[in-house]
Structure formats: structure tokens, C-alpha cells
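Chain by chain, the residues:
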Amino acid sequence: MLAKYVARRFLASTVVVLGVTAITLALMKTTSGSYVPGIDLNPALRPEDIARLRAQLGLDEPPQVWYATWLWNALHGDFGHSMIDGSTVTSHILDRLPNTIELTATAIVIGVVLAIPLGVIGALRRGSKTDHSLTVVSVAGFAVPQFWMGLMLILIFSVTLEQHGLPWLPSSGAFSAYNGGDVFDRLEHLILPATVLSFFYTSTWSRFIRSSMLEVLSQDYIRTARAKGMSERRVVYLHGLRNALIPLITLIGLELPGLVSGGLVVEVVFGWPGIGKLAFERALQYDYTTVMGVTFFATLLVVAGNLLADLLYGVLDPRIRYG
Amino acid sequence: MIGPSRVAELDIPAAGVETGVARPAQSYWNESWERLRENRLGVAAGVLLVVLALIAVMAPILSAVLTHFQPQTIDLDSTFARPGVGGHILGADELGRDTLTRLIWGARVSLGVAFLTVAMSLTVGTAVGMVAGYYGGWIDDVLMRFVDMVLAIPAIFLFILMSILIRPNAITLAAIVASVGWGSVARLVRGEVLSVKQRDFILATRSIGAKDSRLMLRHLLPNVLPVLIVAASLGVGQIILVEAALDFLGLGIQPPTPSWGNMLTNAQSYFFRSGWLVALPGITIFLTVLASNLFGNAVRDAFDPRLKSH
Amino acid sequence: MTQPLLEVHELRTVFSTKEGVVRAVDGVSFELHAGETLGIVGESGCGKSVTALSIMRLQRPGRIVGGKVTFKGQDLTRLSEYEMREIRGKEIAMIFQDPMTSLNPVYRVGWQVAEPTQLHNGWDAKRALSGAVSMLGRVGIPGAAARARDYPHQFSGGMRQRAMIAMGLTTTPQVLIADEPTTALDVTIQAQILDLLRDVNREFGTATILITHNLGVVAGMCQRLIVMYAGKIVEAGPTTDVFANPKHPYTWSLLRSIPRLDAERHEPLKPIEGFPPSLVDLPQGCSFHPRCVFRLEKCSRDVPALLQVGETQRAACWVTQSGTELKGA
Numbered sequence: 184m185l186a187k188y189v190a191r192r193f194l195a196s197t198v199v200v201l202g203v204t205a206i207t208l209a210l211m212k213t214t215s216g217s218y219v220p221g222i223d224l225n226p227a228l229r230p231e232d233i234a235r236l237r238a239q240l241g242l243d244e245p246p247q248v249w250y251a252t253w254l255w256n257a258l259h260g261d262f263g264h265s266m267i268d269g270s271t272v273t274s275h276i277l278d279r280l281p282n283t284i285e286l287t288a289t290a291i292v293i294g295v296v297l298a299i300p301l302g303v304i305g306a307l308r309r310g311s312k313t314d315h316s317l318t319v320v321s322v323a324g325f326a327v328p329q330f331w332m333g334l335m336l337i338l339i340f341s342v343t344l345e346q347h348g349l350p351w352l353p354s355s356g357a358f359s360a361y362n363g364g365d366v367f368d369r370l371e372h373l374i375l376p377a378t379v380l381s382f383f384y385t386s387t388w389s390r391f392i393r394s395s396m397l398e399v400l401s402q403d404y405i406r407t408a409r410a411k412g413m414s415e416r417r418v419v420y421l422h423g424l425r426n427a428l429i430p431l432i433t434l435i436g437l438e439l440p441g442l443v444s445g446g447l448v449v450e451v452v453f454g455w456p457g458i459g460k461l462a463f464e465r466a467l468q469y470d471y472t473t474v475m476g477v478t479f480f481a482t483l484l485v486v487a488g489n490l491l492a493d494l495l496y497g498v499l500d501p502r503i504r505y506g
Numbered sequence: 110m111i112g113p114s115r116v117a118e119l120d121i122p123a124a125g126v127e128t129g130v131a132r133p134a135q136s137y138w139n140e141s142w143e144r145l146r147e148n149r150l151g152v153a154a155g156v157l158l159v160v161l162a163l164i165a166v167m168a169p170i171l172s173a174v175l176t177h178f179q180p181q182t183i184d185l186d187s188t189f190a191r192p193g194v195g196g197h198i199l200g201a202d203e204l205g206r207d208t209l210t211r212l213i214w215g216a217r218v219s220l221g222v223a224f225l226t227v228a229m230s231l232t233v234g235t236a237v238g239m240v241a242g243y244y245g246g247w248i249d250d251v252l253m254r255f256v257d258m259v260l261a262i263p264a265i266f267l268f269i270l271m272s273i274l275i276r277p278n279a280i281t282l283a284a285i286v287a288s289v290g291w292g293s294v295a296r297l298v299r300g301e302v303l304s305v306k307q308r309d310f311i312l313a314t315r316s317i318g319a320k321d322s323r324l325m326l327r328h329l330l331p332n333v334l335p336v337l338i339v340a341a342s343l344g345v346g347q348i349i350l351v352e353a354a355l356d357f358l359g360l361g362i363q364p365p366t367p368s369w370g371n372m373l374t375n376a377q378s379y380f381f382r383s384g385w386l387v388a389l390p391g392i393t394i395f396l397t398v399l400a401s402n403l404f405g406n407a408v409r410d411a412f413d414p415r416l417k418s419h
Numbered sequence: 320m321t322q323p324l325l326e327v328h329e330l331r332t333v334f335s336t337k338e339g340v341v342r343a344v345d346g347v348s349f350e351l352h353a354g355e356t357l358g359i360v361g362e363s364g365c366g367k368s369v370t371a372l373s374i375m376r377l378q379r380p381g382r383i384v385g386g387k388v389t390f391k392g393q394d395l396t397r398l399s400e401y402e403m404r405e406i407r408g409k410e411i412a413m414i415f416q417d418p419m420t421s422l423n424p425v426y427r428v429g430w431q432v433a434e435p436t437q438l439h440n441g442w443d444a445k446r447a448l449s450g451a452v453s454m455l456g457r458v459g460i461p462g463a464a465a466r467a468r469d470y471p472h473q474f475s476g477g478m479r480q481r482a483m484i485a486m487g488l489t490t491t492p493q494v495l496i497a498d499e500p501t502t503a504l505d506v507t508i509q510a511q512i513l514d515l516l517r518d519v520n521r522e523f524g525t526a527t528i529l530i531t532h533n534l535g536v537v538a539g540m541c542q543r544l545i546v547m548y549a550g551k552i553v554e555a556g557p558t559t560d561v562f563a564n565p566k567h568p569y570t571w572s573l574l575r576s577i578p579r580l581d582a583e584r585h586e587p588l589k590p591i592e593g594f595p596p597s598l599v600d601l602p603q604g605c606s607f608h609p610r611c612v613f614r615l616e617k618c619s620r621d622v623p624a625l626l627q628v629g630e631t632q633r634a635a636c637w638v639t640q641s642g643t644e645l646k647g648a
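Residue numbers (the numbering used here), protein chains in the order written: chain S, 184 to 506; chain Z, 110 to 419; chain C, 320 to 648.
With the rest of the complex left out, here is chain S (with noise of 0.2 Å):
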């Protein structure tokens, strides 16, 4: 019964990703008449390069052979090559790729963490004060800009620090290279940009989790546990929690395809060395290949993020798996 769901979905994923390949490419050949618009005019290529690079990338090839050697390339892990430097596009992921993965696994670990006791408190003590405050700050969560939230705190806790003499956080960078680089360095690093990253999440989750457990609490089997005669916190985190969290692993399965790309703002503003930041950088240099490469890397991360989070499902919820 697992197994038919998981080769259903796979499939299904398949066809996806085959799909996005062949959107982005075409995106690419239609801007213009040949594969990358402006390649003629950079002004940092040689003809001799110019011309390197249009053979290597099979401009002047019919557009099936060249999309299929394309593809042939990305299933062996090729990505592409940069139109600057020739770097391949596949180890700039793999350079980039972990400390993306640091930043945004962090956010979502104290996401969870901090949005589950919130929810539940917002439930437990319903049309509180507290319950309220939390509202509130959940509301005005939505509403701020990432990017300005980050520069506010680096604002405040980077230069006005520094600048009244106190102990500052560092405002650029996963690490210094003259502090050594070290597990307090790393994470002194982390701590500004994972904090302006999970913000939304916690927002997000702990409203979540509230109206979740609401629900659940409202339930027979809640009623029926409490006939049982347990203690109210047993009712509440033993029979309740476990149903109310369900729906909230689906929320963060949602979430695991952004891991790669969700960081993108927040990387640039703390120039924090990952993948998005290097989208970017590259993209203001018009390097169309690169881009073009971590676009397509981050969709296979997408597309499968998503095939996990419906496996994450089936395994939790019963119902699934033997329904």
C-alpha cells in the first residue's frame, strides 16, 4: 500500500521536473534568438571565448539536440558551466550548498521549537491575554519585510553595539577567518540571520498549531480520554498534540522545498556565503548559465522536498498508510 503511493508520487515528480526543464530552457530561447541574450556584448568575453562558449554550449545546435545534451549533462550531475569563468556550476553547489542548508535548517528547527509551546498556550489559555499578545505578534510577524527586518537588527545589534562599545554581533558572513572559524565563531554568525529567517515560521506555525489544537481539543476521543480518568496534561499532550501536529508536519513539508531557495533574501542582506546569495551575485554579473544551473539544481530540490513531505505524511497518519 506504501510502496503503490510512493511509486505514484515519484512518477508524478518525474514528470514534473522533466516539464521544468523544459520550461526554463525555453524561457531562455525565447527572450531572444539565440540561447543567452547579451552573450555578443559582454564586454569581459574575447570573440575567442565568445566563440568557445557558443560551441560548448551548442548555441548554434537545432534546439532539441542541444536541450537533450543539456539534460543528458544535468542527469550525470553537469549543471552547466559559468559564461565568466568557466567554473562548473556543480561545484559552486556543493561549495555554497551546506551553508545554505545551515542557515535554513537552523530557522526551521527553532520554528518548530518555538511555534509548538506558543500554539499551545494560545489554545490552552484561549482569549487570554496572552493568547491575544500572541495573536498580535503573529499578525504583525506577517507584515514585515524580511530583508528590513534584517537590516533593522543588524542595525541594532551590529553598529549601535559596536558603537556604544558593548559586545557585537557580526553582521556578515557564516564565519571570520581571523577568529578560526570555530562551532561558537559559526554559530555567533548564525544567529542574527536564523533569527530574521525563523521569525516568519514561528509566526506562522504558532497560529497554526493554536487553531490546530483547538480543533482537536474539541474532538470525541478527547472526551473520551478524559472518561478515562487521566490527568488534564496527559488529555492534552498524549491524545491531543499527536493529532494536532499532524497537519503541521504537512506545513513544514511545504517548507522543505524552500530550504535551498527561502534563504535567498536574508543570505544577501548578511552576506551569508550559500546558494542564493550566489544566484544573485552571479545574476548581476549576467552569468545566465550559472543561474540558470542553481535554478534548475534548486527546482530537483523542490520537486523532491515535496515527494518527501507526502511520504512524511503517509508514515505519520495511519489513515494513509493502511487506508
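No lab work stands behind these hints: they were computed from the structure. Honestly, I wouldn't trust all of these hints.
What the hints assert, rightly or not - Simulated pairs of lysine to any residue, SDA-like, Cα-Cα distance not exceeding 25 Å: (1) LYS187/S to ARG466/C; (2) LYS337/C to ASP410/Z; (3) LYS187/S to VAL200/S; (4) LYS391/C to MET413/S; (5) LYS387/C to MET413/S; (6) LYS337/C to PHE255/Z; (7) LYS306/Z to ARG323/Z; (8) LYS312/S to LYS337/C; (9) LYS337/C to ARG144/Z; (10) LYS409/C to ARG468/C; (11) LYS187/S to ARG468/C; (12) LYS312/S to GLU147/Z; (13) LYS391/C to PHE523/C; (14) LYS445/C to TYR420/S; (15) LYS337/C to ALA353/C; (16) LYS337/C to LEU307/S; (17) LYS337/C to ASP314/S; (18) LYS187/S to ARG376/C; (19) LYS312/S to ARG149/Z; (20) LYS409/C to ASP403/S; (21) LYS445/C to ARG425/S; (22) LYS187/S to VAL425/C; (23) LYS187/S to ARG427/C; (24) LYS409/C to ILE405/S; (25) LYS320/Z to LEU337/Z; (26) LYS187/S to PHE255/Z; (27) LYS337/C to ARG149/Z; (28) LYS409/C to ALA492/S; (29) LYS312/S to GLU398/S; (30) LYS409/C to SER401/S; (31) LYS445/C to MET413/S; (32) LYS409/C to TYR420/S; (33) LYS391/C to ARG376/C; (34) LYS337/C to SER293/Z; (35) LYS337/C to LEU338/S; (36) LYS646/C to THR559/C.
Said to hold, decoys possible - Residues from chain Z that face chain S, not an exhaustive set, calculated with beta carbons under 8 Å: (37) ARG254; (38) ASP257; (39) MET258; (40) ALA261.
For glycine and all other residues, C-beta sits at the position ideal for the given N, C-alpha and C.
Once you have looked at the hints, place chains Z and C on chain S.
Relative to chain S, chains Z and C alone:
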């Protein structure tokens, strides 16, 4: 949830039901509107949005009458002026341009692009969703697979990619942002169409030989409208944030045209000179998005109280 | 007359709503003796479920505002929550109407049935589970050991209800309260569950309170019954006597309204006229009088008390208390 909006067309005399209740029966739209009006917070947010829109529209007038500055006038004697100095109510930026004026003109960009984006998303998304939901079969499969693909590409990467391929102005920027949004709308509309499609009045209309397009436009669309309105109201805030982020990154509206986002592009260099310059554009974005979200929540609560989370 | 196991005296439970205070249980008194089966009958909203929930102190958001519930010498309404938990699920067990929604969907059935003995008897997981499996077998679930590993949605409706009954019995409670145990089930399964409840009562000696709106269910199961209307008891007595000779017009009308197989085909059904009253806005005097074919002038002014009428029955009715027999077309 949705009242029989077009039954009158088929000339079926309305079957009155004796309810014995004092309140007169109202149409779904009136009821929703009533509910919306009762939500004081939502109304306040809505009013704020209207005021912002007015400010945006009247930008030239406000420049002349209120602030006495133009958004792009450079004045190197007033660089980083604090609020209140030299006639600059909210201070000036690194080129001496008045902040308040630029914020006012920036509203044009943020609200204008947001409006355009919503319009484009809704139009394309509704069309695709309706066709997919109505016809079903392979058309539905193909269209929805396509939507899956578009939604699979991480939005921000798609935006970056498209921004460097197409020189962004307000219209193309709206199109870029809408290129992701329409997918969700399409799915939403398709879902609604699928559920409405089953209802009897559709069968009845069909049986008298109505054409597909007529059916879709005059019968399905009005029933799908409430869901669209809710989705649009809830999504506006996000769109404003996305657009501001793109401007901030330098991939959206380019300077010297002021937008709340691009006023912060060089914020890192303002830190030591003027904290105001970093704070003000962000606060403006925050308030606008907050108002949109609150209004959106109010609209959702008014049009579909079942979704309300207490 | 032996001491009753459970004694409810003038119990009052109210709910505060926007429209006003709802007196869901308005002065209810009855006794339950060890090993007997008592039926509580009435329409939806008459207060029978709330009465049961109040005994268990599960009446929230309602509030118990008066009366006593005496069980083994203690007044349950006065116990602390902590003390009450010792009784709930251990001495007094309750099973509910819809077994699908009453079982937790994410835990295995065996685990849920085993939970009470772990909580109350202090059994370890293994012992509790084997106890649960054996109980599941005794309530008639075939292959209990394997089924215990299943989840609720894998059980059929009847089996789920059996599992719920098993869940209530593992701690060998003295009282079992069954709130509409068969209402959500198919008619054929209903009979099986009722048989099971009867067997349980015989085998375990558990006193059972059966709450239902279905007179047929009561007839087969309960030795005594109470009829409730608008929060009050209107009639009480041995089942056979009440059925043969109802002493309250409501009971009388209910019995007449049941469609009978041996009636003439052209005979129209005889429903009770009117609607149950709003509990926020009860009629003055006897709550049933607007719908009563026997009503007197007195009935619209004064509230009748529940008094002895006839040898074995009690009824709250001015008409029958004055000696009139209920007969009529």
C-alpha cells in the same frame, strides 16, 4: 454558501419559504458585506488602504502642496538630513532627496505594481482554472501538470532569472511576480469549479442548450468569485513584500524612480549616517502590508465564516 | 432495600449561553443499585447526556450548581479533580455514542484499551496489553490479538463499539454509563451490541445506565427506567410497569407514537404535537403542558413534583397524581 445568483434568468418563480423569522432574507453578497462592515478592525485597515491609494494617486499634488519637494531633486547640502531639518519633514537621503516625498511617490510603485500583479494573476489563473475544471479529462491533466511545473520552480529564482532576461519596468515586473501567483489561483479556481459543477442548476442550464462559454462566464464565474475575492485580499500583502524585496535587490524598479524597496538597497551604507533612512521605508512597508493582511482576514471572515479560526 | 450504589439527588447543571442560562439538568434525582440496569429515556436535548456527564464531572463548559451525587459514600460533586480522576475510568466508566470519533485515530486500538489499566491499576505495558486483548476477545472480537494492533479506522462500526465497551470494562468498574451506544450503528449491529451489554451486566455484575432516545432499546435491556423531559424527570419505575401503564402523558404519548407491526395499515401515525421547548425559555408550570392532551388549568401555573403514583412508579403530573388514569384515542 453561495446564493442562487442566476436562477432568475431561467424564469423560475422564486419559491418563497415561510420562515417566520423577523429578519428579511438577504443575498449572499449583502450578508457578506454586512459582516465585513461589522468587523471594525478590518474596516479600519480597509480605510487605511484607501487613504494610501489616495496618497499614491495624489502624489504630484502632495509634492507641491505638502512637502514642497520633488522625489528626484538632488540637494547635496542636505544629505542625510535629520527629520525636521531644512524643511524635510522626515529627513533626506544620501543625495539630499526628501524622504517623505519619495515615500509618497514610492506608494505609487508598491500599490500600483501590486494591483497590476493581482489583476494579471487573477485573470490568467481564473481562465486556466475554469477551463481545467470545467472540461476535465486530458485538458485538466495537462493544464494542472503545467501549473505543478511552474509552482515547482522556486519563485525567487524564477524572478531573478526573469529580471535579468527582461528589463523590468512596472508592467513587466508585475508580470514577473504574477507568473508564479497565477498557478495558485488556477488551482483554487479549479477546485471551486469542480464542486460547483456538480450542482443541479448547472445541469439545468446545460439542458436548455447553453454554450460552454456562456455557462462558464455567467454561471460558474459568479460562484467562484467569493473565493477569488478572499484569495486576492489575502495575497496582496505577500505581493507587496515580494515586490519590495525585488526592488531592494536591484532587480525591480530601478533608481532614480523611488520605491520603498529600492530606497533600502544601499541601506548598509546608511547605518552610520542615518538610522531614519533605514527605518522609515521599512515601517511604511510594514504598515501597508499589515493593513492589507488585516483587511484580507476581514474579507475572508466576511465571505466565508466557516474558515474563521477563533 | 439495600444501599444504592449511586445516588443522584436534586442535581442541577446549567450552561451559560448568549441567549440566556440553559437549565440542562433541573433537579434530577434517582438511584442505581449494584448490578441493575437503568435506562434514561428522552428526546435530544432533554438533559439525559448532561446528567451522565455531570455524574462523571465532565459537564464542562456547563456548571453543576446544585445537588449531590453520592457514590460509595462520597459526594462526587465535591471531590477535587484529582480525586475524581481516581474514579473516572476506574470505578465508573462511560462509553459514548459515535465510536468512530470517540477513539483516537492515531493510536492502536489495543493500546487505547490497555490505557485505563495502566493508569489506574498500575499495570505495566505488557500486562495491560494482554489484559486488553483478552477483554477484546470477551466482547466478541475475533482474532483479538491481531486486531489489537489495528487502528480504529480499520474496525467496522460495531467492532469499534465493542472495543469501546472493552475499554470501559478493563478496570472492572462498578458502574458503566452507556450514552446512546447504538444510535450510530446499523440496526442489525444494534441488537448485537445490546446483547453484549446485557451479557456484560450479567457476567461482570456491572451496574449499567443506558441512555437512549429509543424506547425499543430500553424495553429489551433495562429493569428500571427514567423518562426525562426538558431537564427534569417526568416518570420513573420498573420498565414493564411503565410500558404497560404509563403514568405521565409524555411517556404515554411516546408509547403511542411508536409505529407497530400489528397496527392496521390505514391507521395514521400519532406523533406528539408541537416542539420541545427552548431550554432558555421554558413554559410556566409543567414544561410539557403545551403539548399535553390531558392538560388541566393547573398545569400551566404550577410545576408538578415527582411523586409516587401507583405502586411502583413515580410521575410528575398533576393529572395522574390526582388519580386519573391515562386512556384515550
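Structure-based check of each hint:
no.	hint	in the structure
1	LYS187/S to ARG466/C	holds (24 Å)
2	LYS337/C to ASP410/Z	holds (21 Å)
3	LYS187/S to VAL200/S	holds (20 Å)
4	LYS391/C to MET413/S	holds (21 Å)
5	LYS387/C to MET413/S	holds (23 Å)
6	LYS337/C to PHE255/Z	violated (51 Å)
7	LYS306/Z to ARG323/Z	holds (14 Å)
8	LYS312/S to LYS337/C	holds (22 Å)
9	LYS337/C to ARG144/Z	holds (19 Å)
10	LYS409/C to ARG468/C	holds (24 Å)
11	LYS187/S to ARG468/C	holds (22 Å)
12	LYS312/S to GLU147/Z	holds (23 Å)
13	LYS391/C to PHE523/C	holds (18 Å)
14	LYS445/C to TYR420/S	holds (23 Å)
15	LYS337/C to ALA353/C	violated (41 Å)
16	LYS337/C to LEU307/S	holds (22 Å)
17	LYS337/C to ASP314/S	holds (22 Å)
18	LYS187/S to ARG376/C	violated (47 Å)
19	LYS312/S to ARG149/Z	holds (20 Å)
20	LYS409/C to ASP403/S	holds (19 Å)
21	LYS445/C to ARG425/S	holds (23 Å)
22	LYS187/S to VAL425/C	holds (22 Å)
23	LYS187/S to ARG427/C	holds (23 Å)
24	LYS409/C to ILE405/S	holds (17 Å)
25	LYS320/Z to LEU337/Z	holds (24 Å)
26	LYS187/S to PHE255/Z	holds (24 Å)
27	LYS337/C to ARG149/Z	holds (21 Å)
28	LYS409/C to ALA492/S	violated (41 Å)
29	LYS312/S to GLU398/S	holds (20 Å)
30	LYS409/C to SER401/S	holds (23 Å)
31	LYS445/C to MET413/S	holds (19 Å)
32	LYS409/C to TYR420/S	holds (21 Å)
33	LYS391/C to ARG376/C	holds (16 Å)
34	LYS337/C to SER293/Z	violated (40 Å)
35	LYS337/C to LEU338/S	violated (51 Å)
36	LYS646/C to THR559/C	holds (18 Å)
37	ARG254	holds (6 Å)
38	ASP257	holds (5 Å)
39	MET258	holds (4 Å)
40	ALA261	holds (5 Å)
Checked against the numbered hints given earlier, the structure breaks hints 6, 15, 18, 28, 34, 35 and satisfies all the rest.
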